[in-house]
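These two chains come separately, so use the hints to put the complex back together.
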Amino acid sequence: MLTEFKIPEVGENISSGTAVKINVTVGQAVKKDQSLMELETDKATIEVPSTVSGVIKEILIKEGTRVKVGQVIMKIDDGAAAAPVKPVAAPIQQSTAPASKAAAPTVAPAQAAKGASMIIEFKIPDVGENIRSGNAVKINVTVGQAVKKDQALLELETDKATIEVPSSVTGIIKEILIKEGTKVNVGQVVMKIETGATVPAAPAFVPKTTAAPAPTVTAAASQPAALVVQTPIIVTKEVAAAPSVRRLARELGINVGQVAGTGPGGRISKEDVKAHAKRLITAGPVSAAVATPPLPDFAKYGEVERKPMNNIRKKTAEHLANAWSSIPHVTQFDKADSTQLENLRKKHSTPEKKLSITPFLMKIIAAALKEFPQFNASVDMASGEIILKKFYNVGIAVDTPNGLVVPVIRDVEKKAALDLSQELNTLAEKARDKKLTIEDMRGGTFTISNLGGIGGTNFTPIVNWPEVAILGVARAQIEPKFDKASGQFTPVFMLPLSLSYDHRLIDGADGARFLRWICEAIEKPTLFSELG
Amino acid sequence: MSTEHTKLVVIGGGPGGYAAAFLAADMGMETTLVDMEPNPGGVCLYRGCIPSKALLHAAKILSEARDAKEIGIDFGEPKIDIDKVRAWKNKVVSQMTGGLGVLSKQRKINFIQGRATFVSSDAINIKKTTGEEITLTFDTAILATGSTPVTLPFAPSSPRILDSTTALNMEDIPEKLLVVGGGYIGLELGTVYCELGSTVSIVETMPVLLPGVDRDLGVILENRMKKHFSAIKTNTKVNKMEEIKDGIRVTFQDKDGNLSTEDYNKVLVSIGRKPNSKNLGLENTKVTVTPRGFVEVNPQRRTTDPKIYAIGDIAGDPMLAHKASHEGRVAVEAIAGHKVAFEPQAIPAVVFTDPEIAWCGITETEATAQGRNVKVIKFPWAASGRAVTLNRTDGLTKMLIDPETERILGVSICGVGAGEMIAEGVLAVEMGAVVSDLKLSIHPHPTLSETVMETAETFFGLSTHIYRPKKA
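Heads up: the sequence lines are chains A and B, in that order. Letter by letter, the first sequence follows residues 1 to 532 in my numbering. Letter by letter, the second sequence follows residues 1 to 472 in my numbering.
You may find that some hints are simply not true.
Said to hold, decoys possible - Covered stretches of chain A, as calculated for chain B (at least 3 residues, CB under 8 Å):
(1) 257 to 266
(2) 461 to 469
To be verified - Derived BS3-like pairs (lysine-lysine); straight-line CA-CA distance at most 30 Å:
(3) B/Lys274 x A/Lys183
(4) A/Lys183 x B/Lys375
(5) B/Lys274 x B/Lys128
(6) B/Lys439 x A/Lys138
(7) B/Lys378 x A/Lys183
(8) B/Lys375 x A/Lys179
(9) B/Lys105 x A/Lys237
(10) A/Lys270 x B/Lys439
(11) A/Lys75 x A/Lys123
(12) A/Lys68 x B/Lys7
(13) B/Lys105 x B/Lys91
(14) B/Lys105 x A/Lys179
Claimed, not checked - Now the in silico label distances, taken between C-beta atoms and shown as ranges:
(15) B/Thr290 x A/Lys237: 47 to 57 Å
(16) A/Lys237 x B/Arg292: 45 to 55 Å
(17) A/Lys237 x B/Gly293: 23 to 33 Å
(18) A/Asn140 x B/Glu133: 49 to 59 Å
(19) A/Thr25 x B/Gln370: 35 to 45 Å
(20) A/Gln145 x B/Glu4: 53 to 63 Å
(21) B/Asp67 x A/Lys237: 40 to 50 Å
(22) A/Pro308 x B/Gly293: 56 to 66 Å
(23) B/Gln370 x A/Thr282: 37 to 47 Å
The hints are simulated quantities; they were obtained by calculation from the structure and are not laboratory data. Note that the coordinates shown come from a computational prediction; the quantities given were computed from them, not determined experimentally. The C-beta atom is built at its ideal place from N, Cα and C for all residues, glycine as well.
The following block holds chain B by itself, in its conformation from the complex (with noise of 0.2 Å):
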C-alpha cells in the first residue's frame, strides 16, 4: 500500500467540501478531495437540492398549466413521459457535476474517488473505487461527509419504501403515495409526484406542517395544499407499515389513540438527516463527536483535534448547502492563517414548495420563545398589484424590527418566488439596515419585492397599498 502526502485534504465533495477545495487551490494550497462519486457535488447535486429543484420546475409548469383554466386557457389534460422527465433532470445533474469535474482538474486538485477513513490526527487510509487502497498523510483537513436521511427502524426493507435519495430517481409515478413527515423535504418530493399524477397523503406527528416555521407563513401552504393533497394527518404517529402486494399497509395512531390502516403503493420517509460521523475512523483521532452525531467545532469551524476542521451538515444545523459553502471557505482561510469566523447573522431557509417560504434572521417563532421584544410588521399580498396579475395572491411578507434601533432582525415571506426574495432581507439583515433604509430604496414596479418595501412602510403606519384608519 502507498503512502502519499497531501497539505489540505478535504472529504466529502459537496458543496461545502468543493467550496473548500476550490478556495484553496486558488489560494495557492496543494490540495486533495476525496468523494466516493466520480465528480465534486455531493448530495445537493447528485440527490438534493438539484435534482429535486429541476422536478419542481417540472410540478410547476403542470400546475400554472392547470391553473390557466382559470384565466382562460386550457391545454388539456397533460401527457406526461415519465422517462423523459427522468433523463431531463439526470442531464440537469451530469450537467452540473460534469462541470464541477472540469473546474477541479483546472484547479489541479488531486481528487480521489473513494471513501477515506482517519487512522490518526494525520493521516487518512483511502479505498479507491478502483480497489486500491492507500494511505495519505495530511498537514490539515477539513470533514465535509454531510449527512443521510434518518430511516424509519419498523420499515420492511422493501423498494416500496423510499427515501429522498430514491424517491428523486423516479422509477414510476406511483397510484397513491405516502409522505411520512410534513417537514420541507417531505412537502417538497409530495408536490412533485402530487402534480406528476399520485394522490399524495402526507403524515405528521406534530400538530401543523413545517414545525418551528411561523404558522401565519405555514397556513397560506397549507390551505393552498389541502386542494391538492388528498390527505393532510397532523397529530399523526405512524406505527406499522408491512409490505403487501401492490403497496405497503400503514397502520395510523391519532392523537386521542385511535388506530386506522390504509393501503398505498409507495411510502416515502422523509423525517429528517443525520450527520455522517461514523465509519470515519474519529475515534483514532481528537475529534469530539457530541450525542447527536455532529462534531464539535469553534468558530472558525476547527474541530478539537487542532489539524482537523469540519464543515456543512456534520458541523451542526441547519443543515444547508449554503452554510456549508460559506463554512468551507471560511475554514480555508482560517487554515490560511487569516483571522476570520463564521459569524453570519442570517442564513436564509427555503422551502420549494408552492408557494414558497423563505426566512432570514430571526423568526417571530424564535423571538416569542426568547421572551424578545420586537416589533413585527405584516403586509399581505392581496395589496400587491404584481401577485394579483400572478393570480397569486396567496402570499404574507413579514419583518421582525428591533423597536429601539428600528434595526432589522428577521424578515420571513410566503407566496411564489419568496425563495428568490429573501436575498434583500439576508443582505438588509447583515448590513444592519434599519427599516427605513428599506422604506427609502426605491424597489422596481410591478413586483413582489415590493411587498418588502410596503412592509417597511408599513412599520411607520404609511404604506401607500393598505388603508389603517387613524387612531383617535
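Isolated chain A, as found in the complex (with noise of 0.2 Å):
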C-alpha cells in the first residue's frame, strides 16, 4: 500500500522549515526511523524519521523547498495489500517517566508482622537488560518520613539513564542503608520501609506523572496574544544543559531533565535533545498507547498469590506479543474429510505405538508448500522484499508442564511419515524433559499446532513470527455426508482446520485456496503412497 509521508510536528511553535537534505531517492529501501530528509526550522535543523519501512515510490519536493508541516512530501510502498495502518506522522509526546518502564521492585519482608506493622526490605529492581548496578545519585527521602506507593525514592544513575526508582509500598522510611553517591547492585537493599496500619492506604493508581503535558499553544511571534495560557514545563531537577540547549528542548517541548546527556559530567548537547526528540517522533503516541495501565490492588477482593514467570513463559509472552501486533492476522477455516487418513493412522498404529495424525499432515504441508511458496516464506519490510525459502521445515507445537515449546523437523518433504512419527516422539519427549537445544526449536518455515488431542471445534492461532503462516488442528468429530450417487448420508470424521496467515504477504483467496488444498490432499485417497 503507499503511504503519504508527511512533515511530522516537530514542535508547537514550529509550523514549516526548509528541506535542507533528502537523504533518500526514488526506488529506495528505507526501514522504520530511517532519516529521510533533514528539516531546517527556526530553532535548529532537525531529522525526519520515516513511519514506515518500504520503498520510496514518489518525492514531491526538492531539496531547498520550504515546506509546512503535514505537507504530503513522499509516497512509501510499504508493501502490504491493504496495509489497516494509516501512517500518520506522530506528534512529539511528552515521554512518560522513566520509572515507568522499571520492573516493579522487589520485596522481601524482613522480619515478621508484629501485629499490623511490618518491615520491608527495598530492594533496588531490575531496572532493564544488562543494567546490574547503578549510582545511588539523589535519595529522595529521609529516615521517618512517609512514603506512598510509587513515591520516587532515589535517583539511579546508569549507564543507560537516571531512573526515578519508586516506593514498592507504602509506609515509613526506618532505615536508609546507602548514601547520595553509593554504587548499588540490583538487588541490594537499600532501605527500611514500615509498612502497617498507622499509615494510609496506597490508593490503587498512582499516576507516575512526572512531566507536565507539553503545551499546546501557537501565536504569531508578532502579536502578544492575551489569552495565551501556557503551561510550562517544570523541570525539577538540575540540569547539565547550556541555556541554548534548554531553549531549545523547551521549543521542541520537551523536558531536558528527561534527556540523557552524552557530554562530560552527563552533559546534554544539541544533538542529545535532537536525538531525544526523534525517538519521541518515532516512538509516538503508540507508546503512550501500548503502556500498560497499573494493575488494580486485586488483594482487597480476594486472597491472590504472586509468582515469577519461568523464562519460557516470559519468552512466549514477548514473541506472541510482537507476533500478534507486527502481523496482520487472517485466520481461514475448512473441514477436511478425514476418514482415510483415520484408517491409515490407526492401520500403523499399533497397541504400544498409538500414532498422530501429525505426522501425515508435516508431509501434506511440505506438499503443499512447495505448491504455494508465498506460504514459505518471510516478510522483510526493511528491504520491501519477500524471502522465499527452498527449505521445509515444520515446527510442532508442544504442551510441556513449563509451557509452550516448538521444537522444528527439518527436511519434512525428504522423509517418510513413518519416520516423521518417529523423530516427533523423540523431540516431544526431549521438550518434556527441558532437553531441547535452541538448535532443536529453529529453523522452522511453517508451524502446526494440533490441538485435537485435547478437543475443540476450532481455534485462531497466532502466525509464529518469522514465518508467515501457522495450521491449527481442532478435534475431528463423525458427521453425516451426504453422497450424491447413493442419495444417502454416510458418517464420516470431519476434521476442523484453521489457517492463520499474514496478511502482509498473503491475500485472502491465496489462504483459503492453500487451505482447501490441504483439505482435498487428506482427503485424497492415494495420496499416502504417493508421498511414501
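Okay, structure coming up:
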C-alpha cells in the first residue's frame, strides 16, 4: 500500500521549515526510523525519520523547498496489500517517566509482622536488561518520612539513563542503608520501610506523571495574544545543559530533565536533545497506547498469590505479543473428511505405539508449501523484499508442564511419515524433559498446532513470526456426509482446520486456496502411497 | 476621561520594565511603558546601581591614591569638591536615562509619565504627571514596579535620617555617619562616605556583616573595613533614634542587653527593600500577592491572572537588576507564544565594596545548609602574581564542584575586580562545564582571572603556584 509521508509536527512553534537535505531517492528501500530528510527550522535542523518501512515511490519536493507541517512530501510503498495501518506522522509526546519502564521493585519481608506493621526490605529493582548496578545519585527521602507507593525514593544513574526508583509500598522510611553517590547493585537492600496500619493505604492507582503535558499553544510572534495560557514544562532537577540547549528543549516541548546527556559529566548537548526528540517522534502516541496501565489491587477482593514467570513463559509472552502486534492476522477455517486418514493412522498404530495424524499432516504441509511458495516465506519490510525458502522445516507446538515449546523437524519433504512420527516422538519427549536445545527449535518455515488430542471445535492460532502462516488442528468429529450417488448420508470423520496467515504477504483468496488444497490432500485416498 | 487601548502595557520603567518593553517593540508588539520618571531607568539608573557605582568609582580613586603612599607616591591630601562630584554623578545618570529615552522613542514605544493602578484584569487608570487622567485597556500587562527601601518605624522624620535614595543625593559629607544594616547597600554607601571623609560606623543585628555570604569571603572584606571604618558593631540592635541639635542620638543594645548611646550627624538606614505591590489596584485583578508582598508567578512569570505578568523585584528574590532584565525578556517571549521559561542555573551577585565580593551558582553556605556533598576548592590571591603587582593580595577564589560529575556548581570570589571576574563562573555553571574545562582553558597572564584556572588545577592537586606536599 502507498503511504503518504507527511512532515511531522516537530514542535508547537514550528509550522514550517526548509528541506535542506533529502537523504533518499526514488526506488530506495527505507526502514522505519531511517532519516528521510533534514528539516531546517528557525530553531534547529532536525532529521525527519520514516514512520514506515518500504520503498520510496515518489518524492514530491526538492532540496531547498519550503515545507509545512502536515504537507505530503513523499510516497512510500510499504509492500502490504491493504495495510490497516494509516501512517500519520506522530506529534511529539511528552515521554512517560522513565520510572514507569522499571520493573516492579522486589520486596522481601525482613521480619515477621508485629501486629499490623511490618518492616519491608526495599531492594533495587531490575531496571532493565544488562543493567546490574548504578549510582544512587539522589536520595529523595529521609528516615522517618512517610512515603506512598510509587513515590520516587531515589534516583539511580545507570549507564543508560537516570531512573527514578519508586517505592513498592506505602509506609515510613525506617532506615536508609546507602548514601548519595553510593554504587548499588540490582537486588541490593537500600532502605527499610515500615508498612502497617498507621499508614493510610495506598491508592490503587498512582499516576506516575513526572512530566507536565506539553504546552499546546501557538501564537503569532508579532502579537501579544492576551489569552495565551501556556503550561510551561517544569524541570525539577538540576541539569547540565547550556542555556541554548535548554531553550531548544523547551521549543521542542521536551523536558530537558529527561534527556540523557552524553557529554562530560553528563552534559546534555543539542544533539542529545534532538536525538531524544527523534525517539519521541518515532515512538509517537503508540508507546502511550501500548503502555500497560497499572494493575488494580486485587488483594482487596480476595486472596492472591504472586509468582514469577519462568523463562519460557516470559519468552512466549514477548514473542507472541510481538507477533500479534506486528503481523496483520487473518484466520481461514475449513474442514476435511479425514476418514481415510483415520484409517491409515489406525492401520499403522500398534497398542504400544499410537500414531497421531500430525506426521501425515506434516507431509501434506510440505507438499502444500511446494505448491504455494509464498506460505514458506518471510517478509522483510525493511528492504521491501519477500524471502522465499527452498527448504521445508515444520515446527510442531508441544504442550509441556513448563509451557509451550515448538521443536522443528527439518526437511520434512524428504522423510517418510512413519520416520517423522518417530522423530516427533523423540523431540516431544525431549521437550517434556526440558532437554531441547536452541537448535532444535530454530529454522522452522511453517508451524502446526494440533489441539485435537484435547478437543475443541476450532481456534485461531497466532503466526509464529518470522514465519507467515500456521495451521491449527482441532478434534475430528463424526458427521453425516451426503453422498449424491447413493442419495444417502454416510458417517465420516470431519477434521476442523484453521489457517492463520500474514496478510501483508498472503491475500485472502490464496489463504482459502491453500487450506482447501490441504483438505483435498487429506481426502485424496492415494496420497500417502504417493508421498511415501 | 479618555480611554485608549494597547496590546502590551509595561508598568514600571526600571531595568526589568524597559528591557521587556524594548524587546516587545523589537518583536513587533505595540507597546506602552508607564513610569513616574521622565525617562526609563527606574531605581537602578536614578537611585541605585548606577549613581552608587559612579560614587564608588570616586571612592576607589581616593583609596588608591591613599594606598599609593605605600609604594612611594604621595598625592598629598585630596581636595574634594562635593558639588562637582554630585554634578558628575548626576550627569552620569542623566546621560544614561536620556539615552534610554531616545532608545524608547526610536522603538516607537508609547511612553507615559504617570502612575498606573489596575481597575480590572484588562484595564489600568493612569494619572499622568501633567494632571491628565486616562483609562488604558490592554491585551497583556507586565508588572515591573520594583521595590523601595524598608524604613525603621521608630526613626524620627528628619532630613538627617537617610535612605539609599537620599544618601545618593549627597547633600553634604557628614562628619559622623552611622549605617544601620550591614547588607550590601549599607556597605557600599558606607564605603563611599568613608572615602569622602566621613567617620563611618556600621551596626548590624546579626553576628557578621553580609549575613548569608560565605564567611571566608566576608572576613577578607571585614578585615579591610576595620582599618578604615570607625566601628563595626555586630550582634547589636538599634533601639531608639532621636533628633538632637546637629544630629541624631542613637541607642544601641548589644546581645547581652547592654545599652549605649552615641550621637551622629546623619544616619543611613539600609535594612532591606520591600516589593512595591501596594496601591496598584491588584485587588481588582486575579493576581495573588504573598504575605511578604511578592506577586506569585509561574516559570514564565505569568501571575495567577492570565493577562498579567510580573518581573523583577516584585516577582521575588533576589532583587537584582540583571535578574529583572532577564525575566522581562522571558515574559515578553512567553507572551509572544514562545515556549520559554525563567530557568537560570546561576544568577550572579556582586557586592561593590573594596574588595568586591561576587558569587554565582551554589555557595558553600547553601551547600552546607542543604547537606549537599560538594568539593570546595580555594585559591588564595597571595599566590597570584597579578594580585601582588596590584598590592592587593587580599582575595580568594573559590569553586564548588560536584564530586561525582566534576561539574562546576558555583564560583565565589572576594578581591578587587571580583564583579567582573564572576561572569566566567556564570558561563561555567550555565554551560554545565566540568572542572577540567576551566583547567584546560588558557587564561591570560598576568591577570586575576588566572586564579579561576588555578583553582581548577588545585582540584586535581596540581596547581602551578601552590605547592602541596603529597600525602605519604
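Going down the list of hints, with the structure as the test:
1. 257 to 266: Result for this restraint: holds, n = 5.
2. 461 to 469: Violated: only 0 residues of the stretch 461 to 469 of chain A have a Cβ under 8 Å from chain B.
3. B/Lys274 x A/Lys183: Since the Cα atoms of B/Lys274 and A/Lys183 sit roughly 47 Å apart, the hinted pair is violated (cutoff 30 Å).
4. A/Lys183 x B/Lys375: holds, 19 Å
5. B/Lys274 x B/Lys128: Roughly 25 Å between the alpha carbons, so the hint for B/Lys274 and B/Lys128 holds.
6. B/Lys439 x A/Lys138: This hinted pair holds, its Cα atoms lying about 27 Å apart.
7. B/Lys378 x A/Lys183: Answer holds: B/Lys378 to A/Lys183 is near 28 Å, not above 30 Å.
8. B/Lys375 x A/Lys179: At roughly 16 Å apart (the allowed maximum being 30 Å), A/Lys179 and B/Lys375 satisfy the hint.
9. B/Lys105 x A/Lys237: violated, 42 Å
10. A/Lys270 x B/Lys439: Holds. A/Lys270 to B/Lys439 sits at ~24 Å (cutoff 30 Å).
11. A/Lys75 x A/Lys123: It is violated: about 51 Å lies between the C-alpha atoms, which goes past 30 Å.
12. A/Lys68 x B/Lys7: holds, 29 Å
13. B/Lys105 x B/Lys91: Roughly 21 Å between the alpha carbons, so the hint for B/Lys105 and B/Lys91 holds.
14. B/Lys105 x A/Lys179: violated, 59 Å
15. B/Thr290 x A/Lys237: 47 to 57 Å: Violated, since B/Thr290 and A/Lys237 (Cβ atoms, about 25 Å apart) do not stay within the stated range.
16. A/Lys237 x B/Arg292: 45 to 55 Å: Between A/Lys237 and B/Arg292, where Cβ atoms are some 27 Å apart, the hint is violated.
17. A/Lys237 x B/Gly293: 23 to 33 Å: holds, 30 Å
18. A/Asn140 x B/Glu133: 49 to 59 Å: holds, 55 Å
19. A/Thr25 x B/Gln370: 35 to 45 Å: Violated - the Cβ-Cβ distance for A/Thr25 and B/Gln370, about 57 Å, lies outside 35 to 45 Å.
20. A/Gln145 x B/Glu4: 53 to 63 Å: At roughly 56 Å between Cβ atoms, B/Glu4 and A/Gln145 fall inside 53 to 63 Å, so the hint holds.
21. B/Asp67 x A/Lys237: 40 to 50 Å: holds, 47 Å
22. A/Pro308 x B/Gly293: 56 to 66 Å: holds, 59 Å
23. B/Gln370 x A/Thr282: 37 to 47 Å: Given about 39 Å between the Cβ atoms, the range holds.
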